[in-house]
Amino acid sequence: MSAPDFSCVITAAEGGEDALTASVESVLGQSLRAVEALVVLPAGAPAAVRSAAGSLAGRAPDRVRVLDPGTDSVASLRNAGLDAARGTYVLVLDVGERLQFHACRNLWEAGARTRADLVAGRWARLTGEGTKEREPSWQHPLFLRSRTVARFSEAPELSVHDALVTGFCVRRAALERHALRYDEDLTHSGILFGPLVASVVGRIALVRRRIVSGRAVPDAGRDLAGLVEAHRRVCHVLVAQGLAELREQRDRAFLLDHLVPLVRAFPELPAAARERVAATAARVLPGTVPGPVLLTLPPVERVGVRLLERGDEDGVLTAAYALRRRGTVAAPLSMADDGRVYWPGGPDPVLDVTELGHQYRTFGELKLMNRLTRYEAEGRRVLIEGRLVLPAHTGPDPEGPLTAHLEFRVRDGSRAFRVPVGELRPDPTGISWSVRADLTRLLRPYGPRDTVWDARMVLEDGRTRSVSDLFAAHDLVGPSDRSPAAPRLGRTTGDTWQPYITLRDHLALRLEARNRPARTARRLVHYATHFRPARRARLLLRALRKRRDRLHARGFKVSVYRSWLLRLPVRRGSVVFESHMGTCYGDSPRAVHEEVRARGLPLRCVWSYADSPAGFPADARLVRRWSWRYLWALARAEYWVDNQGFPQHLDKPSGTVYLQTWHGSAYKRMGFDETRVRMQNAPQRERLQQAVHRFDHFLVRSEHDERTLARAYRLPASTLLRTGYPRNDALVAARARDEAQGRLPRPALAAELGLPDHRKVVLYAPTFRGGPGTRRRQRLLLDAARFAERFGDTYTLLVRAHYLEAASLPACPPGTVVDVSRHHDVSELLALADVLVTDYSSIMFDYALLDRPIVLFAPDLDTYAAERGSYFDLREKAPGPVTATEEELFAVLARLKTADTGFQEQRAAFAEEFGAYDRGDAARSVVDTVFARHLVASRPSRTARTGEARR
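So for the sequence shown, our numbering puts the first residue at 231; every next one is plus one.
Think of the hints as simulated: they come from the structure by calculation, not from any bench.
Being a predicted model, the structure only gives us computed values, none of them experimental.
Incorrect hints may appear among the rest.
To be verified - When the alpha-carbon atoms are kept at most 25 Å apart in a straight line, the in silico BS3-like pairs for lysine-lysine are as follows:
no., residue 1, residue 2
1, Lys-1107, Lys-1127
2, Lys-1107, Lys-898
3, Lys-1127, Lys-990
Using the sequences plus the hints, can you model the full thing?
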């Protein structure tokens, strides 16, 4: 074989023959054929590994070479492979790592095209849950696109994280020219080698494709000293390359990528390993973790690292529980005179956990850690002891009767057994407790299906109830703690209770079959449920369930709707209303519905709801979205009214009138103007066009809507109703009321939300940032905790997430931040708010009608406008200040009256341009137009009278 394009060095220092075989076969199976595999065996390699290596070499002697340098050092093994390599490029794999099918081809083509000395791509590692793999989150921005850099300093991200530990290749000539080798005195030499190579070679190419999969889960605790030393040497490389400013980023990444996961894994380590790791950390970490960098971590993470640095084994274990169970009070927190809250060991800025917000919750609201300290089994009886943590600011009523009981609850069920806690010993930092119980007599499961029981403790003080799981390290209980079991169906269904600690770190009991009768019974049951007739019966049941499920599948429902339901006659006077795909009773459909009710029109109104009917009118006819009743109602309705779009696959009956009220004027590009839609295939675009063609009436509120929305959805002019939005009638009326009577008293909603009159109300309503079909919890760009700390005395922040998202809010002082995302009607919130903070949401067009201050918080304005597209320059036409950072936003809010003065004329022009048709009579006009034939001439319209009075 001539000189290959690639030499892949595989070190067999760890892992078995199967892992070695997988790595080598991934090399031999490359789509680029000129690739050789160099298998480097350690001196102490097992016979099975040597045999597997020999077998692979015998199968492909011209492509697999086996080296035996006579050393066990991983760095020495890799250097031996580098010395023996003949390929143009050299790539190093740990045993078990596998190359993707086109990995070498992608690297080779990038290197040939760019003449790069180093070519790197993505890699994935195991998650520790079977064969699942995941790429580190920091890889996405680094390899977002393929690119080439002339020097290492142009891609410093390569050294901030351990990006070059695998998945990269180096030109062999560059290795020889710079005498590059792995440091043989360093156990984690792979962490240093990549940045060292990148710092001295020339051009570097980055490939956005994945190169390697199957990288092992990192184990920072096995050799923490070597890991810290490797990190220090990488930092020295950065300083030598004049990149000292990256040192802080590298330090922070080291904490998050290595030390925080080590802390998180503490409960899974045996006691001896925890003690060893803590002792090593106390020796090597001081001086490695800069205080300013540590302060940039989230509170629990930095506490865990600081306690690890101190060698506090028990403290690290406690911090690990807090990391693994977010929101749990895991330690007895103390409060300083200035109101700051500290982890035990403070006051220390690193141990300041005030931002967790535990101090704002009461005893019954807090999730408290109840740590199991002892579990001993003696025959049928067990002794269980633990300690419930109490923070300094709250606890059970000292004058109330303090009682507690342990509860064993069957998993995924409602059955539970309880035993009173015999001894409770409260003190200022917690409550120690112990209980003795006859477990055999207490727990009486049936046996076959209720085999796992979770334990928790319920503490009561006469008024408040606190429920807590029993946390413990995974080695606290073991086989010696078994107890006999007595199931109700006899001991043949199970005879032993085995305690264990779950993956979520709490105590549970599992019913096992240990003795011969129970084991025999289990084998018989297994045989009876797995032999051929039983398998056939299961397959039959599965097929029947699939048929049953098919009756509820959307595809089947659509076919029935089109084939049969559309043939039904239209029911005159029936109307189906829907708002935001059934998520709420609000917006313009609600305003139209209430106008219909106020005028007493003889219409049969039906509302659809998506998940819950809560918040919809009690007297309304409700149907669940996509239910058979929903399809029946749509097929027979004379009118459809919604603001978003009924399901695209549902055709409109021939005798039905579709009123599309729409949900807002457009800043971002919509419909066929969207890049996403333009990139769709022809059938997808045609489906959208057919869905839009169902509209008989489309509401617009300005000429801007006609130029943008009407054109973007290719709507004929005959469908446009220039009435404005019915939902905005309430805003026009609110402005008139403000001008006539002033802002006080506030609407009734203020009392429902508990808003005091002395605080102004800021409504924060960001736009939707997901895609079609996405529903997720969104992390807000605005830090609500910082807002509460800065303006808690003067403002209340109402957070309104998009209806397809949910806001993730931190704990804040009571009354400073309120989540109103689930409130049905946003118009009521707009009428209540004194200030609107938004980014690109269409809510700004509506709020401008109130002539109240608007502040735009748009940190990513240029990026968003470039990616999504926009219809106008927001900075040029903004109805208020445009801020790019939190500090700018806070500065505007601090001097709001002064800042708003310069935007009053601009806001008035904004409202006139984008809301010219909003005159306060939209609902009446829409009903007069759409439901004209149902108007009762003899019954005067109350709304009409109101409109006349207003005029």
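To see whether the hints hold, each was checked on the structure:
1. Lys-1107 - Lys-1127: Satisfied, since the Cα-Cα distance of roughly 20 Å is no more than 25 Å.
2. Lys-1107 - Lys-898: 14 Å, holds
3. Lys-1127 - Lys-990: Holds - the C-alpha atoms of Lys-990 and Lys-1127 are around 12 Å apart, at most 25 Å.
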